[in-house]
Amino acid sequence: MQNEWLYIGLFLIIGIIVPIVPLVFAALVSPHKPNPIKQSTYECGIETVGDSWVQFKAQYYIFALVFLVFDVETVFLFPWALSLNQLPIFAVLEGILFIGILVTGLVYTWRKGMLEWV
Amino acid sequence: MSLQDFLADPILFISNWLQGLLVGWKLPSGLATVIVFLIGILALVIFAMLFDIFLVWVERKVVARFQDRLGPNRIGPFGLIQPFADIIKLVIKEDITPDGADKVVYNIAPVLAAVSVIILWAVLPLSSKIFGVDLNVAVLYLVAAGALGTLAIIMAGWSSNNKYALLGAYRMVANMVSYEIPMVVTLLIPTILADTMSLNGITQSQETIWYVFLSPLGMLIFLISSIAELGRSPFDLNEAESEIVAGFHIEYSGMKFGWFYASELLHAFTFGGFVGILFFGGWQVPFLMADGFHFGSFVVALPGIGVILLQAVAFMVKAMIGYWVIMWVKYSMPRIRIDQMLAFNWKFLTPLSLVLLSATAVLTKLLSGFPLWIFGVGMFLSNLLIGWITIEILRFYAHRQRRLEEPLAQPASVAARR
Numbered sequence: 001m002q003n004e005w006l007y008i009g010l011f012l013i014i015g016i017i018v019p020i021v022p023l024v025f026a027a028l029v030s031p032h033k034p035n036p037i038k039q040s041t042y043e044c045g046i047e048t049v050g051d052s053w054v055q056f057k058a059q060y061y062i063f064a065l066v067f068l069v070f071d072v073e074t075v076f077l078f079p080w081a082l083s084l085n086q087l088p089i090f091a092v093l094e095g096i097l098f099i100g101i102l103v104t105g106l107v108y109t110w111r112k113g114m115l116e117w118v
Numbered sequence: 001m002s003l004q005d006f007l008a009d010p011i012l013f014i015s016n017w018l019q020g021l022l023v024g025w026k027l028p029s030g031l032a033t034v035i036v037f038l039i040g041i042l043a044l045v046i047f048a049m050l051f052d053i054f055l056v057w058v059e060r061k062v063v064a065r066f067q068d069r070l071g072p073n074r075i076g077p078f079g080l081i082q083p084f085a086d087i088i089k090l091v092i093k094e095d096i097t098p099d100g101a102d103k104v105v106y107n108i109a110p111v112l113a114a115v116s117v118i119i120l121w122a123v124l125p126l127s128s129k130i131f132g133v134d135l136n137v138a139v140l141y142l143v144a145a146g147a148l149g150t151l152a153i154i155m156a157g158w159s160s161n162n163k164y165a166l167l168g169a170y171r172m173v174a175n176m177v178s179y180e181i182p183m184v185v186t187l188l189i190p191t192i193l194a195d196t197m198s199l200n201g202i203t204q205s206q207e208t209i210w211y212v213f214l215s216p217l218g219m220l221i222f223l224i225s226s227i228a229e230l231g232r233s234p235f236d237l238n239e240a241e242s243e244i245v246a247g248f249h250i251e252y253s254g255m256k257f258g259w260f261y262a263s264e265l266l267h268a269f270t271f272g273g274f275v276g277i278l279f280f281g282g283w284q285v286p287f288l289m290a291d292g293f294h295f296g297s298f299v300v301a302l303p304g305i306g307v308i309l310l311q312a313v314a315f316m317v318k319a320m321i322g323y324w325v326i327m328w329v330k331y332s333m334p335r336i337r338i339d340q341m342l343a344f345n346w347k348f349l350t351p352l353s354l355v356l357l358s359a360t361a362v363l364t365k366l367l368s369g370f371p372l373w374i375f376g377v378g379m380f381l382s383n384l385l386i387g388w389i390t391i392e393i394l395r396f397y398a399h400r401q402r403r404l405e406e407p408l409a410q411p412a413s414v415a416a417r418r
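Chains A and F, in that order, give the protein sequences.
Mapping the first sequence onto our numbering, position 40 (from 1) lands on 40, and the numbers just tick up by one.
Mapping the second sequence onto our numbering, position 270 (from 1) lands on 270, and the numbers just tick up by one.
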């Protein structure tokens, strides 16, 4: 059990080193001749107008909020799914009630028109 | 420690031999374990990277066939050396950092994109004996690693100091967080059926029947949501060429762009592999047991190494087929709009996957005492029923929508002529 997580940790370290090696190698062998025009931000061949960190639609936040509720609740479903075969039928139905509450939330969001992209 | 041990399980034999050798050199056993692990990980990651290079060739060759072209065919036989030429070109290309970019975040993003894919290979069971680690929470690990990819994309988009990159990153995040729900919910279905979250365990429990026969609808939902998670067409709004040029990686050049490209291909292949593992039996070959083929009472005995290699080939073939289906969808579907993308997920896939999960849970409980064939037929029919009801509901709403819109769509003169 400990060895498994040691393996994952070592894998993560190797996984970080492997992509860095070609990047370092590329930095050593590739030419480096910067000039202001080359480094300017791309915008269809014209000069960038205004700030690049533009405002974006607030609607992304609503989808992120709906996602957050679902994501937290699906994590709670994992232990339920894993022990399903040992649970009595009543506990299985309780899990489905939990999913039902989730769906109610989704229906509420839907009826409120929050899922429309306007 | 003999030839027979090697033939039975080569990976275990080599790691035991190395461990013994290192301990023989008076190294502490903990350090010896770390060194053996490091060698194993390096072998696995280098295999993954070489395979990634091969995937570049596969992708270019297959897209060429879809578009009625020949594809790379000049360098080497069938253009097989072409990806190496591509890599040399990417490495010696000048690396440009745009003005006003957040340099630290800008440089971390491509590395993180590659890491999020490479670490998936730690839990990928290539064969019953060839796997990095048989983690007992592998399914959760998969979801967590997927979240790292989202982070890489938002970092790349935000730090580039470019409007297109920022828009692409926001679209991609909206895409990924939305489609994660049906993906996680359909991941629960093999978990319920196999009673474990370990990928090797899920594969082992498919010895009698592949889960695609128990839950075809779950397989379809998982495939669609993983295509969306990969940001591939028809869900490639993050790099919609006609609107935002290249999306989040617009300002990247040279090897940094190379990592985004390479990790996308490896990600697609890995998800093809996950579809194979979760629903098509992974390394399972029909009639192949641990000691050879069993056709009823007729047995063809095979050494352990032969079985392991056959299983690895079976897994690779299944993963390649999954990857090919993902490419097939990518190159034959037009891109959808963002409102269609979000509506398709929240109003169709999410409710459907939750209903499917509830039905699977109840049926697993109710049919658990019955023989396997009744269980299988029951599960399959319930999936068909849910699919049919869904199609009927969709048809009802489509008809109602059409009846509402039809009088408005026609000019008055056309309506009068009727």
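Be a bit skeptical, because a hint or two may be false.
List of simulated lysine-lysine pairs, DSS-like, C-alpha gap at most 30 Å [what the hints assert, rightly or not]:
#1 F/Lys89 with A/Lys112
#2 F/Lys103 with F/Lys89
#3 F/Lys347 with F/Lys330
#4 F/Lys347 with A/Lys57
#5 F/Lys26 with F/Lys129
#6 F/Lys93 with F/Lys103
#7 A/Lys57 with F/Lys93
#8 A/Lys57 with A/Lys112
#9 A/Lys33 with F/Lys93
#10 F/Lys89 with A/Lys38
#11 F/Lys61 with F/Lys347
#12 F/Lys103 with A/Lys33
#13 A/Lys57 with F/Lys365
#14 F/Lys93 with F/Lys347
#15 F/Lys61 with F/Lys89
#16 F/Lys93 with A/Lys38
#17 A/Lys38 with F/Lys103
#18 F/Lys347 with F/Lys365
#19 A/Lys33 with F/Lys89
#20 F/Lys89 with F/Lys347
#21 F/Lys93 with F/Lys61
Rather than coming from a laboratory, the hints here were simulated on the basis of the structure.
- Satisfaction of hint between A/Lys38 and F/Lys93, Cα-Cα up to 30 Å: 14 Å, holds
- Task: Could you grab the alpha-carbon distance between A/Lys33 and F/Lys93 and see if it respects the 30 Å cut-off?
- Result: 11 Å, holds
- Item | Satisfaction of hint between F/Lys347 and F/Lys89, Cα-Cα up to 30 Å | 45 Å, violated
- Query: Going straight from one Cα to the other, do A/Lys57 and A/Lys112 come out at no more than 30 Å?
  - Reply: 18 Å, holds
- If you draw a straight line from the CA of A/Lys33 to the CA of F/Lys89, is it 30 Å or shorter? 17 Å, holds
- Query: Has the given pair, A/Lys57 with F/Lys93, been kept, meaning a C-alpha gap of at most 30 Å?
  - Reply: 36 Å, violated
- Measure nothing beyond the straight line between the CA atoms of F/Lys61 and F/Lys347; if it is 30 Å or shorter, mark the hint as holding. Roughly 37 Å separates the two Cα atoms, so the pair is violated.
- Given the proposed pairing of F/Lys93 with F/Lys61, does the C-alpha separation stay at or below 30 Å? Holds - the C-alpha atoms of F/Lys61 and F/Lys93 are around 24 Å apart, at most 30 Å.
- Assess, step by step, whether the Cα of F/Lys93 is no farther than 30 Å from the Cα of F/Lys347, and give holds or violated. 45 Å, violated
- Does F/Lys365 lie within 30 Å of A/Lys57 when you go C-alpha to C-alpha? 45 Å, violated
- With a cut-off of 30 Å on the C-alpha distance, tell me whether F/Lys93 and F/Lys103 pass. 19 Å, holds
- Message: Between the alpha carbons of F/Lys347 and F/Lys365, is the straight-line distance 30 Å or under?
- Response: It holds: about 28 Å lies between the C-alpha atoms, which stays within 30 Å.
In summary, the structure is inconsistent with hints 1, 7, 11, 13, 14, 20 from the numbered list given earlier, while agreeing with the others.
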